[in-house]
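As numbered in UniProt numbering, residues 1 to 534 make up the sequence shown, in order.
Please keep in mind that the hints were generated in silico from the structure rather than gathered at the bench. Take these hints with a grain of salt, some might be off.
Said to hold, decoys possible - Below, a list of computed lysine-lysine pairs in the DSSO-like style, where the Cα atoms sit at most 30 Å apart:
id, residue 1, residue 2
1, K117, K44
2, K311, K60
3, K358, K323
4, K486, K503
5, K521, K323
6, K10, K45
7, K86, K100
8, K44, K310
9, K486, K355
10, K45, K311
11, K44, K122
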Amino acid sequence: MIDHFVIFNKTGTVLWSHSPCHLNGDPVDTLINRVLMEDRSGEKKFISDAYSMQWVFENKLDLVFVVVYQKILQLLYIEELLEAVKRDFVARFPEPIASKLPVDAHLYKERFATLLKNAEMKFVEKQAHKGPRTFGGSRKGKGASSNASGKASASRQNGGKRDEVDTTDDSNDSAGEGKGSQDKFEELQNEVALRSSCTKTMRTGPRKTKNKDNGAKKKTGKQMTKWEDSKLSKKELQDLDYSAQLTAEEEEAQLLGRREAYIGESEDSDADDDLDSDEESDAAVSSGAESDSVVRRAMEAALLRILTPKKSTDVLREIMDAKAAGRAYSIVFVGVNGVGKSTSLSKVCYFLKSKGVKVLIAACDTFRSGAVEQLNQHAKVLDVPLFQKGYARDPAAVAREAVKYGTENGFDCVLIDTAGRMQNNESLMRALAKLVSSNDPDLVLFVGEALVGNDGIDQLVMFDRALADYSDRRDPHRVDGIMLTKFDTIDDKVGAAVSMVYKTGQPIMFVGTGQKYTHLKKLNVRTVLRHLLQ
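Given only the sequences and the hints, what does the whole structure look like? Please build it.
Take a look at the structure:
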């Protein structure tokens with residue numbers, strides 16, 4: 001039922017693997033690059049192409065256990081299998097784990113087959129013990145029960161008129177036999193409903209009155225202080241030196257406070273679930289006043305791992321590398337309507353031009369009336385040439401011609417503006433995917449507002465998914481980076497930035513902090529942490 005099982009440590013050494021079936025591609029490598037290395041390990045399941053993957057960690061030994069199976073299968077025993085293999089493997093091979101040496105595949109193959117069979121049998125037994133649903137537990141059964149109780153109440157109101165039924169001739173007995181059996185069934189249901197409704201006894205007699213004299217509380221005096229000359233107990237000593245370990249309930253209370261503070265600033269709980277798991281695995285929390293600082297440090301480390309870029313964000317260096325290769329570096333700006341793509345493009349243009357980069361602007365928004373004229377005004381102010389072919393043209397073709405023109409005329413960078421579109425508009429998203437896949441730009445920047453919270457996260461996720469789903473390439477070009485506008489107006493509500501990075505694993509390249517060309521900054525991770533944890 002499973003296609004692949006692998007055990008490896010966090011340094012990359014494969015300790016043991018088993019492949020009953022041949023895998024198409026390398027789904028485990030995709031899992032490592034897109035989930036584990038991007039600190040999205042809080043997720044429980046990951047789908048890549050035709051495969052589903054589930055995993056479990058052994059944090060003390062830095063081990064990862066991964067199982068791969070077909071995504072069309074619903075294997076409900078996978079979690080139990082992973083836990084069983086983790087316990088058994090750690091107990092059987094302590095020396096290879098400590099020395100980080102691979103285990104012979106045949107040494108554990110039979111044991112793994114036994115654990116797999118046991119997990120499958122336990123699941124089958126659980127399903128067998130459940131048994132089929134009774135009629136009373138189904139929707140129709142509940143409806144029949146409610147109808148019976150309704151009829152019973154009606155019969156009580158009518159004073160038993162149901163018993164006064166006219167008798168029919170003997171000639172109609174055979175025809176009414178079915179009705180008679182149905183009536184008996186209804187009578188039984190009514191009797192059961194009546195008995196259940198009459199089980200509650202009614203209170204008789206006067207209501208008991210409370211005796212105010214007996215209920216009056218006696219006034220207690222000051223308690224005498226008790227002095228002890230004996231030695232401190234172990235528990236008292238742990239309370240004083242903060243060496244006592246928190247219980248699960250106490251630790252949950254500490255994490256809950258941080259969770260509520262974070263969700264209040266981000267309005268998204270998916271990234272916070274991962275933060276909770278990171279804190280639990282990274283922090284050995286002590287009791288007392290020290291516990292809050294330990295949780296704070298653990299959360300700061302988890303946020304730092306999420307926000308720190310996993311790849312280079314030095315656009316200037318990449319532009320110089322492209323120039324050395326004899327081609328123009330291309331950047332595509334994508335986003336929803338009215339988010340500020342053209343303004344953000346002009347800010348990036350000013351930034352690059354101030355660094356000595358020769359920039360060309362390409363007007364590929366051929367849908368919105370006035371889009372070309374707006375870019376033309378920015379180009380005049382910035383003293384930068386504008387490449388445009390008017391309206392009603394294929395934006396993918398315009399972008400292709402612009403990049404070709406930029407390379408032939410010695411431009412270092414081509415900034416490509418695109419039309420704003422809603423993330424659920426399939427036709428426009430297909431056109432955007434065509435533009436990206438046919439031109440293969442060096443950088444695809446998603447422009448979003450820092451104020452919109454969950455809406456911005458949903459936009460980013462759906463744009464990234466559309467570029468992958470509607471692309472005609474085997475390895476689709478997805479969103480490479482994020483640019484947030486209106487970052488100066490959000491005060492300490494910067495949690496959405498964390499959620500955006502967590503959802504896609506892509507870094508925040510720039511943030512807009514005002515309306516002028518100079519109001520563009522690189523994201524300072526420490527500043528975000530200070531706002532989140534203050």
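| task | Taking the numbered hints from earlier one at a time, note which ones the structure violates and give those numbers from smallest to largest. | result | none
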